[in-house]
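So the protein sequences, as listed, match chains W and C. Using the numbering used here, the first residue of the first sequence is number 5, and each one after it goes up by one. Using the numbering used here, the first residue of the second sequence is number 34, and each one after it goes up by one.
No lab work stands behind these hints: they were computed from the structure. Since the structure is predicted, the reported quantities are computational estimates derived from the model, not experimental observations. A portion of the hints provided could be inaccurate.
[Said to hold, decoys possible] According to the in silico footprint, chain W covers these stretches of chain C (three or more CB under 8 Å from chain W): (1) 48–58; (2) 100–110; (3) 137–149.
C-beta atoms are modelled at their ideal positions from N, C-alpha and C, and glycine is treated no differently.
So the chains spell out like this:
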Amino acid sequence: MSISNSTELICFLVLAFVVILGSLGVVLLGNIVYSAFLLGGVFMAVAGLYLLLNASFVAAAQVLVYVGAVNVLILFAIMLVNKREDLKPIPGLQLRRFLSAGICLGLLVLMFRVVLITPWSLPGPAAIGEGATVRIGEHLFTDYLLPFELASVLLLMAMIGAIVLARRDIQTVDVGTGNEVNQSLIEKAGTPLLVDKTTT
Amino acid sequence: MFSLPGYDAFLGFLIISAAVPILALVTNKVLAPKSSAGERELTYESGMEPIGGAWIQFNIRYYMFALVFVIFDVETVFLYPWAVAFHRLGLLAFIEALVFIAILVVALAYAWRKGALEWS
Chain W
5 MSISNSTELI CFLVLAFVVI LGSLGVVLLG NIVYSAFLLG GVFMAVAGLY
55 LLLNASFVAA AQVLVYVGAV NVLILFAIML VNKREDLKPI PGLQLRRFLS
105 AGICLGLLVL MFRVVLITPW SLPGPAAIGE GATVRIGEHL FTDYLLPFEL
155 ASVLLLMAMI GAIVLARRDI QTVDVGTGNE VNQSLIEKAG TPLLVDKTTT
Chain C
34 MFSLPGYDAF LGFLIISAAV PILALVTNKV LAPKSSAGER ELTYESGMEP
84 IGGAWIQFNI RYYMFALVFV IFDVETVFLY PWAVAFHRLG LLAFIEALVF
134 IAILVVALAY AWRKGALEWS
């Protein structure tokens with residue numbers, strides 16, 4: 005075994021360990037803030053796995069989109085929940101657990117099947133580094149052109165949907181003062197967030 | 034086959050940057066005198082006395098900015114391969130990318146018009 009091979013093996017083992025441990029932490033920890041931060045770590049480790057597979061563009065996209073945007077969004081959503089509520093026990097918890105365990109096992113079996121029946125040999129030499137990104141660009145603008153343009157329409161729909169949902173007015177009470185605060189996502193003519201101290 | 038040209042330095046940086054906090058914490062543990070009197074147990078917060086827990090309620094408007102950010106983040110990721118392969122792709126791909134950007138400019142204009150980019 006050459007040095008580079010053993011380096012790769014060590015990197016893979018460390019990353020796999022981080023992914024498995026982090027995912028278990030995401031599921032099992034009680035505090036969802038910890039879970040969200042661990043999820044970011046898991047995403048980073050998955051990006052490392054992509055790097056090991058010579059897919060540097062996919063790794064960069066993983067860090068940019070999942071760690072930089074999606075995980076931040078999840079954290080904001082958690083931070084919007086003011087305090088930990090006492091959760092009521094769900095009726096039929098045991099049955100639900102068995103059901104979800106069955107579904108997860110089915111997905112695992114499906115994944116094993118995919119691993120076993122996929123022909124893993126590549127048609128031609130694998131592109132490495134920047135060559136891989138160039139190849140992604142070529143595919144994106146020739147045979148995957150329609151999905152690429154549809155993606156922009158999907159993003160437009162997502163944006164409009166988010167804004168329409170966010171425009172509903174939500175009135176909440178300020179914890180400190182007891183006054184009503186305009187918590188709608190988009191600022192209307194209500195109270196400005198940063199109150200100018202000099203005029204009041 | 035492990036062939037990541039140029040990533041040897043990255044691995045070195047990763048190891049060194051992982052070693053920095055570990056060394057700092059371990060040296061602190063070994064060298065610093067142990068005392069839990071006074072304010073030693075308090076969380077450090079820029080010299081102020083910390084108030085309340087760490088889990089505070091964010092202003093809900095940050096969420097809107099994060100949503101808008103996600104949209105344009107994904108747009109950047111889609112445009113990067115086009116920029117890298119620009120010389121190979123030619124005029125047609127340029128027009129296709131312009132269509133892509135134009136559709137997202139509509140999204141930006143909508144967000145702007147509806148005031149999603151304004152703070153107060």
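message = Let me make sure I understand: some of the numbered hints might not hold for this structure. Which ones are they, in numerical order?
response = 1
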